[in-house]
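Assemble the complex: chain A is given as a structure, and chain B must be docked to it using the hints.
Chains as they are written, first to last, in my numbering: chain A, 57 to 370; chain B, 354 to 672.
Rather than coming from a laboratory, the hints here were simulated on the basis of the structure. Accuracy of the hints is not assured; some may be wrong.
Computed, partial: chain A to chain B, Cβ under 8 Å [what the hints assert, rightly or not]: (1) Leu-199; (2) Leu-201; (3) Gln-203; (4) Ile-210; (5) Phe-214; (6) Leu-217; (7) Ile-300; (8) Ser-304; (9) Gly-341; (10) Leu-349.
Here are the simulated lysine to any residue pairs, SDA-like style, with alpha carbons at most 20 Å apart [what the hints assert, rightly or not]: (11) Lys-327(A) / Thr-131(A); (12) Lys-587(B) / Ser-560(B); (13) Lys-327(A) / Ile-519(B); (14) Lys-327(A) / Trp-515(B); (15) Lys-327(A) / Leu-504(B); (16) Lys-327(A) / Leu-310(A); (17) Lys-327(A) / Phe-505(B); (18) Lys-577(B) / His-588(B); (19) Lys-327(A) / Leu-507(B); (20) Lys-577(B) / Ile-566(B); (21) Lys-327(A) / Ser-510(B).
We treat Cβ as the ideally placed atom computed from N, Cα and C, and that holds for glycine.
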Amino acid sequence: MATTLPSETLAAEIPAETSRGPASLGAEALRRFRRHRLATFGAAALVFMVVAVVAGPFVYRVPIDEIDFKAKLQTPSWAHPLGTDDLGQDLLARMLYGGRISLAVGIAAMLIAITIGVAVGAVAGHFAGGVDHTLMRITDLFLSLPQLPLLLLIVYLFRDLLKAALGPEAGVFVLIVAVIGGLRWMPVARLVRAQFLSLREKEFVEAARGLGAPPFRQVVRHILPNAMGPVIVAGTIDVAAAIIAESSLSFLGLGFPPDIPTWGRILFDAKDNLDFAPHWAIFPGTAIFLTVLSINYIGDGLRDALDPRKVLGH
Amino acid sequence: MSKYLLRRLLISIPVLAGISLILFTILALAPGDPFEELATNPNVPPEVAANLRAKFGLDDPVAVRYVRWFGAMMRGDWGFSFASRVDVDTLIMQRLPTTLIVLGSAQLLGILVALPIGTLSAIRPYSIFDQIATTLAFIGFSLPTFFTGLLFILFFSIYLDWLPFIYRADISATGWQFYWEHLRQAIMPVAVLGLFQGAALTRFVRSAVLDVIRLDYINTARAKGLSERVTIVKHAVRNALIPVVTLVALQIPGIFTGAVITEQIFRVPGIGSLLISAILANDTPVIMAITFVFSCLVVLFNLVADLLYGWLDPRISYR
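The shape of chain A in the complex, shown without the other chains (with noise of 0.2 Å):
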């Protein structure tokens, strides 16, 4: 782009803007994510690793839990393309159903956290003063908490509580999904309510505030939608936390029961048996690494694409 001449871009670049008309917005922006290499390497990676949990299952038909001692702690073979554990249960058909569970609890976490999060954000930012005071105090309490632990003391209080009320797969899901993502919101607080502040002294703001847009309107059509931007990048980090928390919990042995087998709780189930049957382990933990690798440069990616500076730049 550097090396064309200014008219040469401004004669091939205008038919196509009138063309392409306000769309352009998100195109020029997955133009921008293309760029990423590595961006672009995580999407496809990711796009597989969910095509996988998603529809492996139905594809290879082998059932998570059927024991069977004669092939038990097996290296990958053609029979078991990952290898067994120590019940000789298939690694590959545990793995891609505890993918599924670790995927969700990070896109639902995620979005627990971004809700908290822009909602705090948006009030603190929309109304100023004393409630902002209180809410960023708060933001900070929150961010000085030592996170493990307390998601163990608050597990370990609830667990038998949402056990009782939902089953044990749902309940483990929801607590599980609501402490991770009730302890990570306060980094997209803080994010939105510095765009709000900077936002609403805005011309375009002004403007629809003196057409007589009510303060609902502004903030929901005019400043929301342009500060989404980092919430964005922050959102896609968070998966990545939140998959990593949730492991973290099933390999302590305090997240899911062991018929769920999350990455974690494989990895929980193999660390003992690292001697002998190294890939137990190594599988789960390269799939978490992946992932979590993964989201984080298309985070990366994203970070570029969504910067407005970055417009003139490239």
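Quick look at chain B alone, frame taken from chain A:
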């Protein structure tokens, strides 16, 4: 200086009170009675249990219970462990030094790795060194500590058989042998935690130095004939450290996550592994006390970061 310290200390008190309020609310909202274990024990007659309830004021209003609980926590009166039948504070004080040594060394290792690598990356951005360092840093903080820990054990303990993978507190050797054994068993937990911290820190240092290095005063320093080394170390890095200290302070609560996991993997006898065993044994007083200790440590380290901040940035210092 002492006035600044005093003010920071006074600010920490409401933070600590806020954290303890959150902890207490969680405990108060939890179903069941935290002292159920005593009440359902067949060896304790019902009237004794009722007396105990009255003695500990379990049926008082919530606000009264909170004030009393917070007061007891602050005095170090943390109750009695159900599982190991000793006072919680003795139990924790036995374990706390190990945790602090491992955490401190890991954080030191992280800084020692991150400072030079981040600075070198920023001096020559987009060079081969920078690209390798940035990629490794990205991989480093995407690798969860529980997986790195297992990989280290697999490689260094099982495959190469160089390092022990269980941390022992009762080493019988004496003299140099004693310290050598301690060092050897601490290498893996410290490395796992330190490299993870270092990876995230490297990115912070790189972007902070990159922000500073283009400023005019750096050119001035070069123009007046200072050597490149003095320019970078004394002028650029020192100023770049100011935002880095803030980010390190924000990272502190996260370090404890890594600490709990590393202690659990390598069986380091610190308060993190004590927390896990207390949860498995339903030992509520120990769980509450450890969570409270972790919160105090967060507040304490934030205080240290504030003091460092004042030392690094004379513009805000000690007013």
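Problem set entry | Lys-587(B) paired with Ser-560(B) [C-alpha distance capped at 20 Å] | holds (17 Å)
For this session: Mind checking the alpha carbons of Lys-327(A) and Ser-510(B) for me, to see if they're no more than 20 Å apart?
Result: Holds. Lys-327(A) to Ser-510(B) sits at ~13 Å (cutoff 20 Å).
Exercise. Quick one, is the Ser-304(A) hint okay against chain B at 8 Å, beta carbons?
Worked result: Because about 6 Å separates Ser-304(A) from the closest Cβ in chain B, which is inside the 8 Å limit, the hint holds.
Problem set entry | Agreement of Lys-327(A) and Trp-515(B) with the hint, judged by alpha carbon distance not exceeding 20 Å | The given pair, whose Cα atoms are some 19 Å apart, holds under the 20 Å limit.
Exercise. Straight-line Cα separation of Lys-327(A) and Leu-504(B) no greater than 20 Å?
Worked result: holds (10 Å)
For this session: Hold the hint about Leu-217(A) up to the distance rule: shortest CB distance to chain B must be less than 8 Å.
Result: Check passed: Cβ of Leu-217(A) comes within 4 Å of chain B, closer than 8 Å.
Exercise. Has the given pair, Lys-327(A) with Leu-310(A), been kept, meaning a C-alpha gap of at most 20 Å?
Worked result: Between Lys-327(A) and Leu-310(A) the Cα gap is close to 15 Å, so the pair holds against 20 Å.
Exercise. Against chain B, with CB atoms and a cut of 8 Å, does the hint on Leu-349(A) hold up?
Worked result: holds (4 Å)
Exercise. Can the restraint linking Lys-327(A) and Leu-507(B) be considered satisfied, given a maximum Cα separation of 20 Å?
Worked result: holds (10 Å)
Problem set entry | Restraint status (C-alpha distance of Lys-577(B) to Ile-566(B) at most 20 Å) | holds (16 Å)
Exercise. Are the Cα positions of Lys-327(A) and Ile-519(B) separated by 20 Å at most?
Worked result: holds (13 Å)
Problem set entry | Pair hint Lys-327(A) and Thr-131(A), alpha-carbon separation not exceeding 20 Å | holds (16 Å)
Every hint from the earlier list agrees with this structure, and none is contradicted.
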